[in-house]
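Using the sequences plus the hints, can you model the full thing?
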Amino acid sequence: MMLDYRRRSVRIGLPLATALLLLVLWQLAAITEVIPTRFAPAPTQILSQLGSMLGSASLWSAVGATLYAWGQALLIAVVLGTAAGLLLGSSRHLSALFGPVIEFLKPIPSIAMIPLVIFTLGTGKNAEVFIATYAALFQMLMSAISATRTIDPVARDTAAAYSLGYGARLRHLIIPSMLPQLMTGVRIASNTALIFCITAELLMGMAGLGSSLGAADSAGNLPVMYAYILVIGLVGFGLNTVFLTIQRRALSWHESYRNEVA
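Here the sequence shown is numbered in full-length UniProt numbering, starting from 1 and rising by one per residue.
Everything labelled a hint here was simulated from the structure, so no lab data went into it. Accuracy of the hints is not assured; some may be wrong.
So the derived label-pair ranges between C-beta atoms look like this [to be verified]: (1) Leu16 <-> Phe119: 31 to 37 Å; (2) Pro176 <-> Leu54: 40 to 46 Å; (3) Ser218 <-> Phe98: 41 to 47 Å; (4) Ala250 <-> Ile108: 28 to 34 Å; (5) Ala19 <-> Ser90: 40 to 46 Å; (6) Val101 <-> Ser61: 36 to 42 Å; (7) Glu103 <-> Asn240: 26 to 32 Å; (8) Met113 <-> Ala83: 21 to 27 Å.
Don't be surprised by glycine CBs; every beta carbon is placed ideally from N, CA and C.
Quick look at the structure:
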């Protein structure tokens with residue numbers, strides 16, 4: 001128990017100490033003007049600006065708009081990516097049929113789709129959701145295909161020998177076997193969806209953290225701009241922490257997580 005406590009203390013304390021050290025060095029560099037304030041304000045100035053922004057409705061409106069689009073994109077990507085990955089990973093014929101199409105589309109960055117998306121969907125939230133979904137979908141699809149193909153063949157044969165129906169195999173074999181890779185895929189897809197939501201807002205001007213960041217940059221208001229960058233980082237860190245915690249708890253039975261969950 002004491003050893004686990006020490007491990008957790010090191011795991012949490014070391015990154016915090018590193019972040020604090022970097023902030024102190026940044027503050028010293030700003031005071032001594034090693035870093036000109038026209039490029040990067042002092043951390044105390046940024047934190048002061050962030051503190052004043054926390055009481056404004058505009059910040060929370062931007063956060064809410066981004067998270068709303070992110071949630072839609074992630075949900076669509078997880079549902080479609082998992083279902084399609086399960087089918088493609090289980091069927092050689094479907095994999096041979098659609099594999100070349102996937103390999104053609106996968107390298108195309110979502111940003112390259114923006115002109116086409118603007119032409120077809122305009123510059124509203126639907127366009128943002130589409131761009132983020134397109135980016136996150138391939139993360140989930142590839143995770144699901146890989147997870148399906150790593151199911152133990154012996155376990156498959158055993159389930160077939162006992163004449164288990166598809167529902168029973170899905171519940172007792174397929175889902176438990178796929179879950180570790182799927183949950184990792186969800187976490188990566190979450191980060192990807194958030195990145196492309198903010199990118200779409202920044203480039204296309206729809207409401208959200210990205211457009212607020214762009215407006216601060218255009219106005220030359222560096223403290224506000226850096227405050228929004230900090231908010232974006234905190235939102236991403238928070239979402240990743242939530243999904244990582246869920247993953248550890250949901251997979252507490254898995255050998256790679258047994259020692260991490262109390």
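Each hint, compared with the structure:
Distance hint for leucine 16 and phenylalanine 119: a CB-CB separation of about 47 Å, inconsistent with the stated range 31 to 37 Å. About 43 Å separates the C-beta atoms of proline 176 and leucine 54, a value consistent with the hinted range of 40 to 46 Å. For the pair serine 218 and phenylalanine 98, the beta carbons lie near 43 Å from each other, so the given range of 41 to 47 Å is met. A hinted range of 28 to 34 Å for the beta carbons of alanine 250 and isoleucine 108 is consistent with their spacing of about 33 Å.
For the hinted restraint 40 to 46 Å between alanine 19 and serine 90, the CB-CB distance of approximately 44 Å keeps it satisfied. For valine 101 paired with serine 61, a C-beta distance near 39 Å keeps the hint of 36 to 42 Å intact. Separated by about 28 Å at the C-beta atoms, glutamate 103 and asparagine 240 satisfy the suggested range of 26 to 32 Å. Evaluation of the 21 to 27 Å hint for methionine 113 and alanine 83 yields a pass: the beta carbon distance comes to about 22 Å.
When held up to the earlier numbered hints, the structure conflicts with hint 1 and nothing else.
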